[in-house]
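Trainee: Heads up: the sequence lines are chains A and B, in that order.
Quick note on this note's numbering: the first sequence kicks off at 1 and runs consecutively.
Quick note on this note's numbering: the second sequence kicks off at 1001 and runs consecutively.
There may be inaccurate statements among the hints.
Here are the in silico distance ranges between beta carbons for each label pair [to be verified]:
1. A/579 x B/1142: 26 to 34 angstroms
2. A/43 x B/1106: 29 to 37 angstroms
3. A/101 x B/1142: 45 to 53 angstroms
4. B/1142 x A/578: 23 to 31 angstroms
5. B/1140 x A/578: 32 to 40 angstroms
6. A/71 x B/1165: 34 to 42 angstroms
7. B/1153 x A/642: 27 to 35 angstroms
8. A/642 x B/1104: 34 to 42 angstroms
9. A/69 x B/1137: 31 to 39 angstroms
10. B/1047 x A/69: 43 to 51 angstroms
11. A/276 x B/1045: 52 to 60 angstroms
Please keep in mind that the hints were generated in silico from the structure rather than gathered at the bench.
Glycine is no exception: its CB is placed at the ideal position from the N, C-alpha and C atoms.
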Amino acid sequence: MKKIIYLIGGILAVIAILWQCKTKSAATASASDAAEKVYVSPGKHDEFYNFVSGGFNGQMSVYGLPSGRLLKIIPVFSVFPENGYGFSDETRAMLNTSRGWLPWDDEHHMSVSETNGEQDARWIFANANNTPRIARIDLSTFRTVEILEIPNSAGNHCSPFITQNTEYVIAGTRFSIPMGAQQDVAINSYKDNFKGTLSFISVNPESGRLKLAFQILMPGMDFDLSRGGKGPSADWFFFSCYNSERANTLLEVNASQNDKDFIVAVNWKKAEEYMKAGKGVRSKSHYAHNIYDEKKHSASTTWEEDVLTLDPTVLKDFVYLMPCPKSPHGCDVDPTGKFIAASGKLAAVIPVFSFDKMLQAIESKTYDGEYQGIPVLKYEAVLHGEVQKPGLGPLHTEFDANGNAYTSMFVSSEIVKWNVQSLQVLDRVPTYYSIGHLCVPGGDTRKPWGKYVIAYNKITKDRFLPTGPELTQSAQLYDISGDKMKLLLDFPTIGEPHYANAVPAELISKNSVKIYKLEENAHPYVAKGEGQAKVVREGNKVHVYMTAIRSHLTPDNIEGVRMGDEVHFHVTNLEQDWDIPHGFTIRGSTNGETLIMPGETQTISWKPDQVGVTPFYCTDFCSALHQEMQGYIRVSPAGSNIPLKYWTGDEPQVQ
Amino acid sequence: MKNFIFISPILVLACALWGCTQGPPASGESPSAANDAALNVGQSGVQDDVSQQNILQIAAGSKDHSTLVTAVKAAGLVDVLANAGPFTVFAPTNEAFGKLPKETLDGLLKPENKDALSDILEYHVYVGVIKTDQMRDGQKLNQVNLKNVVVNVNEGKITLNAGTNIIASIPASNGIIHVVDGVLLPPEK
Ligand SMILES: [Cu+2]
Chain A
1 MKKIIYLIGG
11 ILAVIAILWQ
21 CKTKSAATAS
31 ASDAAEKVYV
41 SPGKHDEFYN
51 FVSGGFNGQM
61 SVYGLPSGRL
71 LKIIPVFSVF
81 PENGYGFSDE
91 TRAMLNTSRG
101 WLPWDDEHHM
111 SVSETNGEQD
121 ARWIFANANN
131 TPRIARIDLS
141 TFRTVEILEI
151 PNSAGNHCSP
161 FITQNTEYVI
171 AGTRFSIPMG
181 AQQDVAINSY
191 KDNFKGTLSF
201 ISVNPESGRL
211 KLAFQILMPG
221 MDFDLSRGGK
231 GPSADWFFFS
241 CYNSERANTL
251 LEVNASQNDK
261 DFIVAVNWKK
271 AEEYMKAGKG
281 VRSKSHYAHN
291 IYDEKKHSAS
301 TTWEEDVLTL
311 DPTVLKDFVY
321 LMPCPKSPHG
331 CDVDPTGKFI
341 AASGKLAAVI
351 PVFSFDKMLQ
361 AIESKTYDGE
371 YQGIPVLKYE
381 AVLHGEVQKP
391 GLGPLHTEFD
401 ANGNAYTSMF
411 VSSEIVKWNV
421 QSLQVLDRVP
431 TYYSIGHLCV
441 PGGDTRKPWG
451 KYVIAYNKIT
461 KDRFLPTGPE
471 LTQSAQLYDI
481 SGDKMKLLLD
491 FPTIGEPHYA
501 NAVPAELISK
511 NSVKIYKLEE
521 NAHPYVAKGE
531 GQAKVVREGN
541 KVHVYMTAIR
551 SHLTPDNIEG
561 VRMGDEVHFH
571 VTNLEQDWDI
581 PHGFTIRGST
591 NGETLIMPGE
601 TQTISWKPDQ
611 VGVTPFYCTD
621 FCSALHQEMQ
631 GYIRVSPAGS
641 NIPLKYWTGD
651 EPQVQ
Chain B
1001 MKNFIFISPI
1011 LVLACALWGC
1021 TQGPPASGES
1031 PSAANDAALN
1041 VGQSGVQDDV
1051 SQQNILQIAA
1061 GSKDHSTLVT
1071 AVKAAGLVDV
1081 LANAGPFTVF
1091 APTNEAFGKL
1101 PKETLDGLLK
1111 PENKDALSDI
1121 LEYHVYVGVI
1131 KTDQMRDGQK
1141 LNQVNLKNVV
1151 VNVNEGKITL
1161 NAGTNIIASI
1171 PASNGIIHVV
1181 DGVLLPPEK
């Protein structure tokens, strides 16, 4: 009897352990295996840059993969105390809009610039979700260098996605709104008065300069996400939309009535032909175009006045609708350009559309009627097939180079891997918790780099040490090099990550700028050497042309400033040495501090509010004598006749 | 027999656990800890052909300063002179070193005399940037080895410790080099 018990015990133990072993290896690499795969030894570089949107913080953060180490936060649509973006006189104009100066917006998606559908990583584009804008970030400096406001848009969610040679950046409106002269209309007149726009912003191939080329006027709905075609479908753009019910209240219920909403297919080449042929309607508008000049080290705003609108109900044959089940969200084109995966966030299947079949259906006019004057193609005629029972709440899809797709499932908190041709589910892994977007390096291009899929999670609960009620969001790195996805790493993120891109390090690191060349500095208040440092009074404005070099400021003593003056400290960092910034601030500064890169000039403006002697100093630990890098400014009463005088070292004799 | 049966579940357990941890070796790079030391060279190893040259790079590129550079290496001060500084370095030429008795110089370059060599080299380095136009007669420069170099200015002519001349001054990213025609010897205590 005892023998039997032991025997059974032994067998049970084997089963239990084998079972444990199996489930463990299915989802998580063993700890040592995972550690080895994400370990980047001190002094070594990561394999990929990972650009991660910060969501409601309006910034973008940059991590190294596979380590998950934070490398940089790039301020885009929000002020940033780390480097003075939005605080210094030079950068404030970047945040100008027709609605005024906005210190904080919501940033969701990005696109890395492409040539022939492959990452060229010259720029990365970002969207302001709330007050519609598109930004261009230069990846040689990791700086926001251009922001274009999008008129006739409200909630710029469906942005910024690109065509395969970066000819256009696309910005679709989430909210439809009343347009034209009469905007004071009843909200419940949505069906009659509300319209949406899909904006096509051209990108200058050399300078990257943005221009609103045209807007396509669409029936009032909500436009959600989009992707450019590639390869055979390169002339087309695809947009998901919901609320085809055209509800204006309680969308939670009212926008889920129809069995199907739409994927909008736009032949942008044809739209471009209409534009070039002088078709469409030009109208007046008013929107900000902010450019950061990297020679003047200063941003300025130009006010744009002109919009070209193309109406697909008038100019025919360039916009078609493909029915799509239940409020689609992601709308992702596979690397071959032949298939479009649409994720109905309330749907039980993932429909995959065939580009070839779509062209045939357009050719043969296989329509299922019209929606607001735009032809609707028959669902069955354009469908490649449906992924059955993929999971709950499919949101976004990225691709590897082997014909597989990876779809995030918000409701069931998992990533599901499926084959684009066979539509068979191949694998699934849990995420912790509630995944939103996901990213495969190059997984939105014709040339996915593969290797990893990264999940961006909305909720972390117990995954990290608790930090009070406000917890970090997270990214999770999975190895996709084998048949089974394996979780390697959790890392916290800055803000709330929405979309992200990952780029091979080499594509970017080789172009990274080390210093700004002092001789090219064209800032109007530059001092290119200590001999050019000076203080100039213009009425009640006092301009200090200051220099910073290890380890002193010139001038570091200033007298002759009076109450009622405005003092502008234009500080030029004279260093021409990699990674030697200086900083600057003055006691009582109402706009904080600034940080000045080698060869750059930045300005802090200050209005003295009391008589006396006020200290200023370098805020960046630049050198062994950083603490010595300080000075004083003397403020005298209004009307005082203390002469304007400034020096570092020997005090000059006033003549 | 009974004991054997009793042991078997434990053996099974051990085998299964062992099997569980065995897997194919990780593919791709797996840098071993042994390589790490080589990776962490110090600031003198930073590859940068864009920035203005630092004191170390300028000295290393000067054919008149090969003895100084050899001495800096022997004293283990290369990373110091590539640091942010800022430094004022009095840089004796090869000819200046040649004025020392040969056995003194050879002796200083021996590993067992590293401390003495460091002391002499540190006597040539000041933390802070002092240009010649900021030098004043009688000025004491407290050097990195905590001993003073005394500046003499006589009718506009600068000498150090009453006898060493500044031949040239070269700005560097992390300070300034004053090329000198003699080796400065720290005063005995
Ligand atoms: Cu400083």
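Trainee: Which numbered hints are broken by the structure, listed smallest first?
Mentor: 6, 8, 9, 10
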